[in-house]
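Assembly of the complex is requested from the two constituent chains, each provided in isolation within its own frame, with the hints serving as guidance.
The chain contents come next:
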Amino acid sequence: MNAQKTGDWWVENLLRPVLVAAMLVCLIAPLTRLFEVLFSGWDGTYFLVFGFFAGLEGILSERVLQKQRITGWGYLGSRAAEALVLVILMKLASYTTLGLDQLWADALRWQTDPGSFFDGMMVYISLVFLPMWLGSLYVARSLRELDVMGEKSKPPEDKTSIQYYLWLISPKPARSRQEELERLASFFVWGGAVLLLVSAVIHQFVFSVQTLVLPILLYFALGVALLSQGHFSVLHAGWAMERVPIQSNIARRWLLWGLVFLVGVASVALLLPASYAAGPIRALLSLFGSILGFVFEVLFFVFSLIIYLLALLLSTIFPSMREPIRPTAPGTPAAPAGPMWSSGEGGWLEMTLTALFWILILSIVGYAFYRFVRDRLGPWAESEQAEGTWWGRLLGWLQSLWRWFQDWRRGVQAQLRQRRIPRVREPSVSLSPFRFISLRRLSPRQLVRYFYLSTERRAAQAGQPRGTAQTPYEYQAELDRSFPELEPDLEGLTAAFVGARYSRQSVQEDEAAAVKSLWQRIKAALLRRRRQA
Amino acid sequence: MGRLLPFLILLMAVAFFTRVEFFFYLLYALFGIFVLGRLWAQRSVRAVALQRKHEERLFWGDQVPVQLEIRNTGWLPVLWLRLDDGVPLELGSSAHHRWVISLAPHERQVLSYTLRGRRRGYYQLGPLVTLGGDLLGSTTYKVPHHDGDLVIVYPKIVPLRDLGLPSQSPFGTLPSRQRLFEDPTRIRGVRDYQPGDSLRRMDWKTSARVGALQVRRYEPTMALETGILLNLDSDDYPPQHCRDATERGIVVAASLATHLIEKRQAVSLATNGRDPLQDPPSAEKARTASALPLRKGREHLMQVLDLLARIERTGEDEAVPFLDLLSRRTLALPWGSTVVVITPREVAGLFDTLLTLRRRGLLPILVLLLPDLEFTLTARRADQIGTQAIRIWSEQDLDMWR
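Each protein sequence line maps, in turn, to chains D and X. Note that this note's numbering has the first sequence beginning at 1, numbered continuously upward. Note that this note's numbering has the second sequence beginning at 1001, numbered continuously upward.
Only chain X is shown next, with the shape it has when bound in the complex (with noise of 0.2 Å):
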């Protein structure tokens, strides 16, 4: 317009010194041609809604197909529209996801792309941004839309297959070795009668039937309640270790965590690390950390599942003491729970804690994620205190488990 606007003063100016009508139409079609074209793209682009479709969840590893929406609500066609789609590094191969579209009236189109789930963590796809413009390309129209998709990349779950932690916790739906234990809703057969049987294990029906008194016989079972506590002090980590083992002890408390919520056992978790959905620490509360209740079901297993997707390390003396964490969280556990203490290396104070959680009825296990020339020496001293410690420095480690 800055080329066109003299022009359109000498049209006017020859169209009122000759005052012929033809120069008066033309200087309108001409500033109309101008004004109604920046209209038309203005309209047209803003009448453009935008939607994106796809799994919020992805476990490591997964591909997800995005379905990018695209409707032109309006009842103007819309010329020319570049998408642009910001996808995060760790979901995509590439940074950025373009196209270029026109769109008539109410036209709707699907656009997709692929997000690959390569890394754990929280992420939150766009900005998608949208531009148009005219038809003489005197201007353009930027529309950012701010919808803030979020995808959650879960950890690497490794299957375990066999954990054989311990418990004491009786009526369970494991079945359990111990034959203290009993679970008086499965049946494993009948007996004779013998003096001293409770009343109420006997099972009339088939005494009537065989003729003598029977009484029942129990499976023997255990719940698994565990309470899974990590260390994200960044204090406690190497710096040179620093990234491996924090995503190793986060796999290990992932996979731990799938594989006894599959067995329908009651998992919590409580970690000093940083949820990057809690607000920042403030004054008030400088030092933070996360946990989610002792719960069963696969709700809850995606609730764990979220969190160590999103959880970060802690700075340096942001995180609550791990110490502090462990004995304030196991306290909502019940007796005979099994208390999974995942931690790059062995604090100072640890062993006197668990110690204190072996006293209240609690079955501690202590899992170690740095290679440490002393484990020996840790593994004996928590046998000593009737707890085991486990090293895990690779994933090859886990099959101990498996």
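Okay, chain D solo, but in the shape it has when bound (with noise of 0.2 Å):
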């Protein structure tokens, strides 16, 4: 197989599988810490760090048999190799933490006893050990398929054989590497489901969950890193294979990016109320109260300020009258009082902060909605059978309110980019009737215009009045056929107008000199139709 490598070597060879092997250790972190509540005395860092240094292992090997070619039996037996080896090893690192004497003691029970070299503490980290390993191995057959650029390979000569079939039906690598993506999120999102799960689990029975903080952050991190990537990866051999030329920085740039884009919104999650003091409804009809009886307080210094003001005016002209009070600025608002709040100024920041916590759940509720509505309505709406019904109507109705909210929004962006552009106008020439033109001060350009709109005022005044939405050109087809006479004339000062009004050529002297002329014998001809009528 030609093989063609994207990407950046070590985002594929070392920092994916490194991400990988993390993120698989930490899900096996919250039973490693529940053994070690369970186990008293036992340490199971070793645990994790040999975890992770053997699920890199599994994903670097797996790369290595795939080059060797090695499937099918082969490929079980090589890993059924690689399993004991990793369990009789993860027994020797546990003696990091028992140290050497207690190697040496077990040592000697294992030669008279070979069976306690598997005890009961072995064997509940090999339950846990084992589909971790085999986790690894499963993204790591993702990531290699993500990674390597693969093209098909040659067809087999014989176009009538089995081989040549196959190959024909064969998966583009493109949309296999889609696929792998897709099943390294489901991976992603099933282990995530299960560190949740597991996590509720242990706080609610054994522990509290705070301690596994630290493995399920990293855990999330990392999966939506690594996702990043792989969509990167994907994206790449795509346009890698379509041989469209990609900006060389791109990969750094998606790192650093999207890295910045991660940190920026786990910190504005960090800021957000992760607690209520009370119930949406209470909480956002409080908040609304709040701002309202802001802004009364507002207007309502407003008002008091001019009217001490003019008391102040008042004041100086009649000596007699008393000093107004002055009026006090408006403070934070002061939550209402009542049985729910909590007393004192937190107690406007708490349902504040109560409040965006509720929007915040019911926004996602929201869209939890929208996605029922949208999957099980959406084609129906947008059927016959809809027609007529009142919820059909309703969503036509909402569809239509949708478009018609769209547009104005397009419309006000549209005027306001509008009022953003300075104008550039043409020195102004006004053809008012009424006001004297100087014939001569006008450019060739505005003088082709000037002949063009002359003629079309003096044809309405013999009978044909150019229609409101008529182009220049209909407008000449109706007066070819009413002044025949007059076509290559019309013609001629029609094309000299719509190149002077529509175009950016320049217009010369000798050409408004050209225009003049037929416009003085359109002139003369319809003056004399004005006549005649």
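In case anyone wonders, no lab produced these hints; they're calculated from the structure. Careful, some of the hints might be misleading.
[Claimed, not checked] With beta-carbon atoms standing in for the labels, derived distance ranges:
#	chain 1	residue 1	chain 2	residue 2	range
1	X	Val-1035	D	Gly-411	22 to 30 Å
2	D	Gln-508	X	Asp-1244	32 to 40 Å
3	D	Asp-158	X	Gln-1067	49 to 57 Å
4	X	Gln-1067	D	Tyr-164	43 to 51 Å
5	D	Val-18	X	Arg-1108	33 to 41 Å
6	X	Asp-1244	D	Gln-66	57 to 65 Å
7	D	Ile-359	X	Gln-1278	55 to 63 Å
8	X	Lys-1053	D	Gln-520	40 to 48 Å
9	X	Gln-1278	D	Leu-168	47 to 55 Å
10	D	Val-365	X	Glu-1056	50 to 58 Å
11	D	Ala-469	X	Glu-1056	25 to 33 Å
12	X	Thr-1073	D	Leu-127	55 to 63 Å
Beta carbons are placed, not taken as given, at the ideal position from N, Cα and C, and that holds for glycine.
Structure representation (structure tokens):
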């Protein structure tokens, strides 16, 4: 297979395997912590470290086996041997915390009782370790597909063979790459779900989940980073297959901006409220009431200030008047009194945060509802069956409302953009019949336009007005029918006008002079027609 | 998000069940990554402004660069942006030019490719489509840019040195062998006064200096005001020579117009071909024709070449009959003008019309574009009415004017 590397070598061969191995370790961290609690005296740190390196080994060895084209039973045998070696190594690694003396003592015992090698603790952690290790192999296959740019191999010579048929129906690399990414995303989501549930159960029955914050956080952070990188690989491979030139620093920018984005979102998330002091309706009503109260207070202050200034003015005119009371500036809105609010300044802030909390939660719930309705009623609402039903009408009305809003928004944006553009104004030419026009002062372009508009006006006087929606060419066709003798002149005048009005080509003086002669002939003919009428 | 949504709901349930703040933060972060990621992609892709910079007019065989300026007008970086610019096959080596770039806030990049004027015509570049997406690949945003950039490829222009077209128009700028018409602005010298000489021709200063009456001698010149009429009615073209003959006729018209306008002569052009810029034939105006009035100057030459670049052969029963065009479009030509009639072959009634033109004081020249076994006969008949018939079957046939 003609293999071509995509992306950065370090990303493919080091960063991604490390990310995946770390994710897998995060997955087994809650159970490790649980074992530590259940089996007092057992330190699971070595297990996590070993799990990380074992996962890394599993991913990298997958590449080696694929490169050597070891498949089928050979692959299975190789992996079984590897599993055995890893379990033995894991057992030996446990002595990093137990000490060499313990190892020596146990080794003597294994000689007499080999079954003691697999004691109860070893069985438990093996039950955790092996699924994790198998998971690393599963992810490794997906990563391998993402990494290598796979071109279709050469077709077999014999076009009637089964091999040729298999070659024909073999999927294209890009398609399988996207599928692999989907598989990786599924693994991430399912792993996350398991991690969450295990953490929740542990939190409920054994110990607080706060101690598992780091592995959970790491799992999701690494998972998002991995999916982002995987998505980039799929895109990159697709572009490379299409031979699209790719900006050289795009991979670095992707990494950097992706990191900034993730850190930024995480930082903002940390600033958001994570607790609630009241229900959603009361919190939102409270927030609304506070905002309304603050607005009223500001209005009252403005009104008081005006009265105060007026009274101050009057007191200077009439010294016998009492000096007015100075208005006080509006402060932060005080929380309305009630049993649900905590007293003091913190009450308002607390209710605002509670309202914000519920807004966030309700937005997620709202999105879930939207998906629910869209997936079930979306295709139906577009079908003919929906027409005439109240639900179909409602959806149609909502859709039209949304479209109206979008149109209105675009219109406003367009107007704002238009206002920002400085207008380049041509020297204005007033063609009002009540003002004197000096043709000498007009530029050739303005002259041509003047001749045309003058013709238009005279034609209207002669009974051939130009329709509001008529283009110059349509108007010319209409005039041609009424004044066949003027057809060449009208054609020349129209063409010159269209050029002067709509094109950016310069209009020369000799052209304007030529148009003038046309205009004069047309003018005379129109005048004759007018007199005859 | 299809996969993430059930997970978020589970996470929300776990968060409410355990009431652990960390799970809420996680919920916000994951939901934020999804929502803000999409918003980022949407806003950034829409903030990209594109502009093509290129020559709008190409001569046949020219290669001109097109610069595509891409500007990120927003404050958000564009993570990735795929640009796909469509180019007509007649203008480029491939139908699409594609790139993948990323843009920092307010970054500007310039990409370029080359247009090759391989075939005369009026082309629209594009569509230019940009495609961008978010970090996790949950969605992509496609923005078409309908900028309507146009490119005109002029027809091939064959240089002609000495046309030798006949003209009877006096007071032009081309030297003439006919001594009848003299240009008072082009003084060739002086000679002694002879009885009968007009007093207007007297050169008083020279007369005073030499002590004898002298009169000015002027150069004889002629104006070669030429009307070019091109027949592009499909009915007059045999199918086997359709394309070649059409293009050859347009090359002849373009070469003649270029040559004459460069000699500062006025040229008009009329054809019954279809101009794609004009409205399509309607019920009211079922037949179309395009024409440019008699003018001179480079601006006019550009208009002539523009029209010849755009013009196409009309479909059956769509064109104005060529003889009608010939009769009507020569009305505005002044006496003595040359009329170059370019048509694939002799159509019925052509010589009657040419004779009428001859009687009106115009000088028609017949240019036939198809090989005709009876051309000798046609040439003889043309000679009988005082016109010249030329057959241009290949570009080498234009050598007679070189």
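Here is what the structure says about each hint:
no. : hint                                    : result
1   : Val-1035(X) with Gly-411(D): 22 to 30 Å : holds, 26 Å
2   : Gln-508(D) with Asp-1244(X): 32 to 40 Å : holds, 37 Å
3   : Asp-158(D) with Gln-1067(X): 49 to 57 Å : holds, 52 Å
4   : Gln-1067(X) with Tyr-164(D): 43 to 51 Å : holds, 47 Å
5   : Val-18(D) with Arg-1108(X): 33 to 41 Å  : holds, 37 Å
6   : Asp-1244(X) with Gln-66(D): 57 to 65 Å  : holds, 59 Å
7   : Ile-359(D) with Gln-1278(X): 55 to 63 Å : holds, 59 Å
8   : Lys-1053(X) with Gln-520(D): 40 to 48 Å : holds, 42 Å
9   : Gln-1278(X) with Leu-168(D): 47 to 55 Å : holds, 51 Å
10  : Val-365(D) with Glu-1056(X): 50 to 58 Å : holds, 56 Å
11  : Ala-469(D) with Glu-1056(X): 25 to 33 Å : holds, 29 Å
12  : Thr-1073(X) with Leu-127(D): 55 to 63 Å : holds, 57 Å
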